[in-house]
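Following the hints, put chain B in place on chain A, whose structure we already have.
Protein chains in written order, with my numbering: chain A, 1 to 406; chain B, 1 to 432.
Derived by calculation from the structure, the hints in this document are not laboratory data. Some clues are possibly wrong.
Cross-link-like lysine-lysine pairs, in silico, BS3-like; alpha carbons within 25 Å at most [said to hold, decoys possible]:
1) B:K65 to A:K158
2) A:K190 to A:K158
3) A:K190 to B:K65
4) B:K221 to A:K158
5) A:K178 to A:K190
6) B:K298 to A:K361
7) B:K298 to B:K52
8) A:K361 to A:K276
9) A:K276 to B:K298
10) B:K52 to B:K258
Distance windows between CB atoms, simulated [unchecked claim]:
11) B:A143 to A:P365: 51 to 61 Å
12) A:G100 to B:E74: 18 to 28 Å
13) B:L7 to A:R14: 53 to 63 Å
14) B:F117 to A:Q269: 15 to 25 Å
15) B:A129 to A:D200: 49 to 59 Å
16) A:Q269 to B:R172: 31 to 41 Å
17) A:L262 to B:D161: 18 to 28 Å
18) A:I374 to B:D232: 50 to 60 Å
Keep in mind that this is a model prediction, so the values were computed, not measured. Here a beta-carbon is modelled for each residue, glycine too, at the ideal position from N, C-alpha and C.
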Amino acid sequence: MHFIPILSTLRRHRTAAVLIVLEIALTCAIVCNAIFLIGDRLHRMDQPSGVAENELLRIGLTGIGTKADAGSLTAQDLAALRAIPGVKSAATIDMVPFGGSSWNSSISLGPEDAASSVNAGMYMGGPDLIDTLGLQLVAGRGFTADEMVDFDAAQAQKVHIPSIILTRGAARRLFQDKNPIGQPVYVWGKQPQIVVGVIDQIARPNEVNGPELFDCAMLLPVRLTYTNAGNYVVRVDPARLDEVNGEVEQTLDNVDPSRIILEHETFHQIRREHFKGDRAMAYLLVGVCLALLVITALGVVGLASFWVQQRTRQIGIRRALGATKRDIVHYFQMENFILATLGIVLGMALAYGVNLWLMGKYHVPRLPAEFLPIGASLLWLLGQVAVLGPALRAAAIPPAIATRSV
Amino acid sequence: MFGYYLLLARRSLRRNLALTVLMIVAIAFGVGASMTTLTVLHVLSADPIPGKSHQLYYVQLDPQKLENYLPGREPNSQMTRLDSRLLLQAGRADRQVMMTGGSAAIEPERSGLQPFFADARWTSSELFAMFRVPFLAGTGWTAADDDAAARVVVVSRELADKVFGTTAVVGRSLRVEGTQLRIVGVVDTWRPVPHFFDLNVGAYREGEQLYVPFTTSRELKLGRNGSMDCWDESPDPEAEGAPCTWVQFWVELDTPAKAAAYREFLDRYSEDARRAGRFQRPPNVRMRDVMDYLAFNKVVPEDVRLQTWIALGFLLVCLVNTVGLLLTKFLRRSGEIGVRRALGASRRSIFTQLLVEAGMVGLAGGVLGLGLAWLGLIAVRHQPAEYAELAHLDLPMLAITLALAVVSSVLAGLLPAWRGCQIAPAIQLKSH
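Only chain A is shown next, with the shape it has when bound in the complex (with noise of 0.2 Å):
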């Protein structure tokens, strides 16, 4: 329609049209950064586990001074926190997905094979520990009571760890496409461990060793005591998930009351706890995108004012030689368009060179090129609401004001 007047008029404002430019690309460009990196955060936090999130406790314990009956006291626990109406198993364990303290090691295919070596979580506990955190198994098998060893006489070397089960990221890592089970692998020791099962997955405590080796972890047929693996997992009916929630610490003390409760959380609670920092800055970045939204729609309110109150004699004229109301509003809000383009245009540029740069300096994954429509929409639109309140006030000036000196 006006395409032509209307470009011819910007060029007489170039200053003030460059500027919402400007303001519009570079909104355009932390925008669409910002909304990427929610959706990464976002995407962080909803990880998967592995375990049966909605029906676990961990509790985490020690006691004072050297106990020379821990492993009697821990069957003891065991047994008293099975007895808890409601529970469904529970087991030992030297740490817990996404917990935080990790113990890791590397697996390799040779005694001395560093070449081959992948770094991977190490998980301790029996038979009964892939029921209790309800974990997948997807080839062989789970432990049996008789591979299980002693965890002071593993680490004295007396003993030797004859098995163990991968998650199927390290077992992809170590073998490819080759089946592992029955393979020899060495982690422990310098006689190998045969590989007898794998499940799907079970996350890491952390991300120390890197965000490309969290699907990499180990289980090994352990023993542990209260003093050693100082972490009990307790699989509950998640209809009674509260109620045994309250009796655990109860039910410890009971059984021998010297000893100090460090940690005592449902899975959930660990989950919200290990990504409270990703969780806050989403919603730091949520803030942010929208106070620059206010902002830039009132820069464009403030400026598609300035025009109307200037162009006041040229409306009014306009309105004289038949111009409706709507064309008015039109040439505006069209107005409003090609600005809004001009920017979000340079804006995708910024946004990807802003996204460059950011995956330079920290660790921000590439900006994939979704998001840049998404962006631009969301300014098209900004742009239009906001240009929509001067442009009706400039459509109701009356073509009257044309026979007026101002």
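For chain B alone, coordinates are given in the frame of chain A:
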């Protein structure tokens, strides 16, 4: 003349209150967000021990096996217990300390108090002098106590208060993991930021509750915290001679010459260990002073830096917005400017007048932004981060905030003011 400009500015700003408020609020938000994140960054990257940070060095050796050796690669981040003890005994630095984080169960004798776990540091005697630990009462222990694995302990003010209800506890005894330790000193509140001497236990954590001689902690088998890296199997990774690194070793060297000499000493030490067959790799020594050590370990969280950039980007948008709004505001007053020019005002005085107006907007935005930064920091302190409670505005940051607001708004005013003073008086007068 300046007073007159202020008057004109006030009038003009009042005339279009909505626009003025909009500009002030935009600047305030930009400044507030930037100052909040910059303050957090400023606090987190502070020098934890000013005046001494260039005399304290963190030492690393390379005791690993030869396999996977690449010349120049970063050695293990901590030291073995054996090397630490040997370097401590060599005593070649002005001061030196070996230590690790730990935790221990405290059993209060006061009735009604349950046993609890306290964060601790197992350390040799010179830590207190090296790191300028402030004592409320008593002192640290001596090197002789180190050698004798004396049953002594230094406690924090908080722990003394919690266990005994008083800080006058020197000479009394504290039951730690079932053993009575004699209290020789009480440390006043001490929280270096960052917790530079041991990043393994958290770079911004609170200070330790108790300090026990390293040797004593090993005899009593007190639990350790932090990270441990072993390159071979070992029946007891914490034993002396085990192929594991888990001890931090710091030295104090007053002059650069001494530092250079100590570095040479470490090279010779590594070479001798290799000749003796204990080390396999060629000397691969690291000695970083406090600030280098913190920078190398990237202690400032990445998200904090990212947030700072986002806030600065936000400020930039706010400024572009202000430039646009000021421009429209000044051009709207073309008539008035035309009259003033026709009455003899020079371009320069119009320019100054408009800049004064921009500066006023900036000052108001800065003051409001300061308030917002203050609110922002309260919000940061409620964030779930280890460093949250450290986020406070200090005087230099306060001054920077105001300066940032005024400078940026004057900068934002430059272009509009220049365009404003270009207005030709004749055209303006004619069109009216």
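Tested hints:
Distance check on the hinted pair: K65 of chain B and K158 of chain A sit about 24 Å apart at the alpha-carbon level, within 25 Å; holds. With a C-alpha separation of about 12 Å, the suggested pairing of K190 of chain A with K158 of chain A holds against the 25 Å cut-off. For the proposed pair K190 of chain A and K65 of chain B, the alpha carbon gap of about 16 Å is at most 25 Å, so the pair holds. At most 25 Å may separate the alpha-carbon atoms for a hinted pair to count; K221 of chain B and K158 of chain A meet this at roughly 22 Å.
Proximity of K178 of chain A to K190 of chain A is assessed by CA-CA distance (about 24 Å); at most 25 Å being required, the pair is judged to hold. With a C-alpha separation of about 12 Å, the suggested pairing of K298 of chain B with K361 of chain A holds against the 25 Å cut-off. Between K298 of chain B and K52 of chain B, the direct Cα distance comes to roughly 20 Å. Compliance with the 25 Å bound is thereby established for this hinted pair. For the proposed pair K361 of chain A and K276 of chain A, the alpha carbon gap of about 23 Å is at most 25 Å, so the pair holds.
Among the hinted pairs, K276 of chain A with K298 of chain B is consistent with the structure: their alpha-carbon atoms are about 20 Å apart, no more than 25 Å. A threshold of 25 Å between alpha carbons decides the hint, and for K52 of chain B with K258 of chain B the separation of about 15 Å falls inside it, so the pair holds. Range check, A143 of chain B to P365 of chain A: Cβ separation about 53 Å, and the 51 to 61 Å hint holds. Taking 18 to 28 Å as the suggested C-beta distance range, the pair G100 of chain A and E74 of chain B conforms, at roughly 24 Å.
Under the hint 53 to 63 Å, the C-beta atoms of L7 of chain B and R14 of chain A, about 33 Å apart, miss the expected range. In this structure, F117 of chain B and Q269 of chain A meet the distance hint of 15 to 25 Å, their C-beta atoms being roughly 20 Å apart. At roughly 55 Å, the beta-carbon separation of A129 of chain B and D200 of chain A lies within the given 49 to 59 Å, and the hint holds. Roughly 39 Å separates the CB atoms of Q269 of chain A and R172 of chain B, a value that falls within the hinted 31 to 41 Å.
Checking the proposed 18 to 28 Å range against L262 of chain A and D161 of chain B shows it holds: the Cβ atoms sit about 22 Å from each other. Distance hint check for I374 of chain A and D232 of chain B: the Cβ-Cβ separation is about 53 Å, which falls inside the suggested range of 50 to 60 Å.
Hint 13 from the earlier list is the only one contradicted by this structure; the remaining hints agree with it.
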